[in-house]
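2 protein chains.
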Amino acid sequence: MSVDESNNVKTRLQVHNCVVQPLLTDLYQITMAYAYWKSEKTSDTAVFDLFFRQNPFQGEFTIFGGLEECLRFLENFSYSDSDIEYLKTALPPTIEQSFFGYLKELTAKDVKLYAIDEGSVVFPRVPLIRVEGPLIVVQLLETTLLTLVNFSSLMATNAARYRMAAGDNVSLLEFGLRRAQGPDGGLSASKYAYIGGFDGTSNLLAGKMFNIPVKGTHAHAYITSFSNPSELKTKTLINLNNGKEQDLIDLTLSWRTTLSNLLHISESQASDGELAALVSFAIAFPEGFVALIDTYDVNKSGILNFCAVALALNDLGYKAIGVRIDSGDLAYLSNKSRETFIKVANEYNIPWFANLTIIASNDINEETIWSLNDQKHSIDCFGIGTHLVTCQRQPALGCVYKLVEVNGTPRIKLSQDGSKITMPGKKDAFRLYGADGINIQDSIFL
Amino acid sequence: MSVDESNNVKTRLQVHNCVVQPLLTDLYQITMAYAYWKSEKTSDTAVFDLFFRQNPFQGEFTIFGGLEECLRFLENFSYSDSDIEYLKTALPPTIEQSFFGYLKELTAKDVKLYAIDEGSVVFPRVPLIRVEGPLIVVQLLETTLLTLVNFSSLMATNAARYRMAAGDNVSLLEFGLRRAQGPDGGLSASKYAYIGGFDGTSNLLAGKMFNIPVKGTHAHAYITSFSNPSELKTKTLINLNNGKEQDLIDLTLSWRTTLSNLLHISESQASDGELAALVSFAIAFPEGFVALIDTYDVNKSGILNFCAVALALNDLGYKAIGVRIDSGDLAYLSNKSRETFIKVANEYNIPWFANLTIIASNDINEETIWSLNDQKHSIDCFGIGTHLVTCQRQPALGCVYKLVEVNGTPRIKLSQDGSKITMPGKKDAFRLYGADGINIQDSIFL
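For the record, the sequence lines run as chains A and B.
According to the working numbering, the first sequence is numbered sequentially starting from 56.
According to the working numbering, the second sequence is numbered sequentially starting from 56.
Simulated from the structure, these hints should not be mistaken for lab results.
Where hints are given, some of them may not hold.
Which copy? The list can't say, so a pair holds if one copy fits it or any two copies do.
Stated by the list, open to error - Heads up, simulated DSS-like pairs for lysine-lysine below, C-alpha to C-alpha not over 25 Å straight-line: (1) Lys355 <-> Lys431; (2) Lys468 <-> Lys481; (3) Lys159 <-> Lys288; (4) Lys475 <-> Lys355; (5) Lys288 <-> Lys299; (6) Lys288 <-> Lys468; (7) Lys288 <-> Lys93; (8) Lys167 <-> Lys299; (9) Lys391 <-> Lys431; (10) Lys391 <-> Lys475; (11) Lys93 <-> Lys290; (12) Lys374 <-> Lys143; (13) Lys93 <-> Lys299; (14) Lys374 <-> Lys391; (15) Lys290 <-> Lys374.
Note that the structure is a prediction, hence the values are computed from the model and not measured.
Okay, chain A solo, but in the shape it has when bound (with noise of 0.2 Å):
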């Protein structure tokens, strides 16, 4: 169903993403459900175990996710009639016709679903969910549960080292949408990176369909569509002191001549189209200005065009935001930018000036952010994609669905890999937190 659509239907727990459906499984758990069928075993039960046996990314913990997604799927399991039209032709033509009506009646009511709450911090080898029921289904949910957990799981678990990486100060938004593994690879980096410790993402369809705060300024390509202060139509702005429309360009301008001399920066080397495009973007958004300040050069150019427009803001009664700095060193052109913010509060007893944000983004990871701590630097926010939301460092998480248990017997799989010998019996996970209340262990009990 469309987003749209969504919010009108009245099932208590909606399907986000039109493509979690019955049919997104594989082939062979419908072959074997008719094989189960076929022995009559539509009455057995079996419990499944879903867990990883390894952390993602080298690292000493998972953050579980996904599981909201996975209610819902059970929620509205059914197969619709055009699923079972098509596994008619999917399916062998000697498969009996009468299996198709069990399937179209088939839904999850029967299934307990025992799950560790969301968010929560989780180990390898201890259930995630442990699902109980008739055979046939929970082996049919199997496919679809491991797709709904093992990203959202994964995501949330970087978000959550990114979180660690840069410390409690600094927000951190998630960027990554056009280099996301598909659509809603995106819509599920966004989610899961907000779950995981982020403040906020740029997608915009995150932003309506999870709630999600959403951000961002301009690209370089705003910037570059602009030559000349001259081209701007709309110049002016409301004075905010006396409620008089102001002529913004001329008194950046004005501004920017003066900065010049402070900052020692050449005027002439500054980008006249870059300032008409800040200039344009303050109109627009006089109370939030953000600017992208490395389009040409930030020290020649971006931050002394940022400066006078900010300054010119100030003039009108708005208090400008920050920058953004894509591209270069982002140590040294965030210390540079703090320097120059600190100058032009004290020279013009502007104190907020001083604190400014300064976001940076380009290619950021989990590295490059110790890397920036240890270099020191000054900026209050990142904006992160790529590596983010595609989980560069490890792009899958290998979480299973195991058969423990057959009608109340114990089921176990060997292998000649000893680590993948599955840990046979229905288990209860339990979590044992000391008198400081910080948990010392997991234990399972048969």
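Here the structure of chain A is known, so what remains is to put chain B in place on it, guided by the hints.
Here is chain B on its own, set in the frame of chain A:
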């Protein structure tokens, strides 16, 4: 829209995935649109190039994917009422309300899109897509077009590399849904792996939506859910030679004893649960019997049980298809299996038995295939999951969308990083072919 609903939609190009919609974009596209609108740039025109700077996987080529989805997106580009309502909350309250009326009317009808054919081999810096039209609209398309092209092209390229490694005589199946980056990551992977040269997928929804051949057998859980042949309620199969029902268990057990001597495999070490599972699966799929043979031990159990069932099926007039091996030393186990098949074929004069299909899976990547080639193997088909669908070696392609012209005037983005400087101006790309029909080079002309 849902898959079902999309079948009923009358538009020529339909959106496959409900999340591909104008809000699947970065907020800054909308803030830029407002700033352009506020600057009275609604009649400005622009040209953007969509291209990448480097082939993925340290390779020498890229396969272009995603064009069809881009066209669908353009065809359907329109903000819904609820999109507009959401945008009113996502943008600052100072936004002039008439901007939302302007947005509501926007379509991509004045946009021209030039592109290289989908599925083509493409190279760095040559525009894959050139988009011309109203500045505001073509800017608004950026993120979604990049999202649709980046992963599609990466995936098709990755698949093509697996095809080159495997050669033309080996079948390649995509098995990665459960490890993909979200539900749609899995769907995109199935689709673009097929475009890149795979033969099929395990993903049923991909089969239904894109008409891709779907393949699959059963999981280890199917095997471990059986304990003993005595538990089988359905034991018989029709003998195609005489039309009579015959007990497949008895026949299989008898063959197992016979084969045990021929193959020097102790019957007592072979799993009876595995035998029961394989017999039940053969009864369900007598015409398409493929068996997973590594649940317990390929050499001590799986191969013996499989051959016993396959020979029993043969007695009743059915030809088994083959085996899947999902763990262990795939070169050794496949060669050992092939030797066994040849031995059985010769012993009982069943020539086709020597050519039974051997499918290998288990965390296979491009290097595994090259290494198996070096070791010599007997694998006919690879089932490939995680590494293929998440493009583990490089999980993102870096396509960019750069402004190259505004109102007929070329535009450039400078950068301290020389590789990031754009080529200004509207360009045409030509591929030059030699007399032998082989392409010599791509050329770009202004």
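Comparing the hints with the structure gives:
| no. | hint | verdict |
| --- | --- | --- |
| 1 | Lys355 <-> Lys431 | within (22 Å within a copy, 61 Å between copies) |
| 2 | Lys468 <-> Lys481 | within (14 Å within a copy, 61 Å between copies) |
| 3 | Lys159 <-> Lys288 | between (63 Å within a copy, 24 Å between copies) |
| 4 | Lys475 <-> Lys355 | between (59 Å within a copy, 18 Å between copies) |
| 5 | Lys288 <-> Lys299 | within (18 Å within a copy, 89 Å between copies) |
| 6 | Lys288 <-> Lys468 | between (72 Å within a copy, 23 Å between copies) |
| 7 | Lys288 <-> Lys93 | between (75 Å within a copy, 9 Å between copies) |
| 8 | Lys167 <-> Lys299 | neither (66 Å within a copy, 43 Å between copies) |
| 9 | Lys391 <-> Lys431 | within (12 Å within a copy, 60 Å between copies) |
| 10 | Lys391 <-> Lys475 | between (53 Å within a copy, 23 Å between copies) |
| 11 | Lys93 <-> Lys290 | between (77 Å within a copy, 10 Å between copies) |
| 12 | Lys374 <-> Lys143 | between (64 Å within a copy, 22 Å between copies) |
| 13 | Lys93 <-> Lys299 | between (82 Å within a copy, 18 Å between copies) |
| 14 | Lys374 <-> Lys391 | within (21 Å within a copy, 75 Å between copies) |
| 15 | Lys290 <-> Lys374 | within (18 Å within a copy, 81 Å between copies) |
Violated hint for the displayed structure: number 8, the only one.
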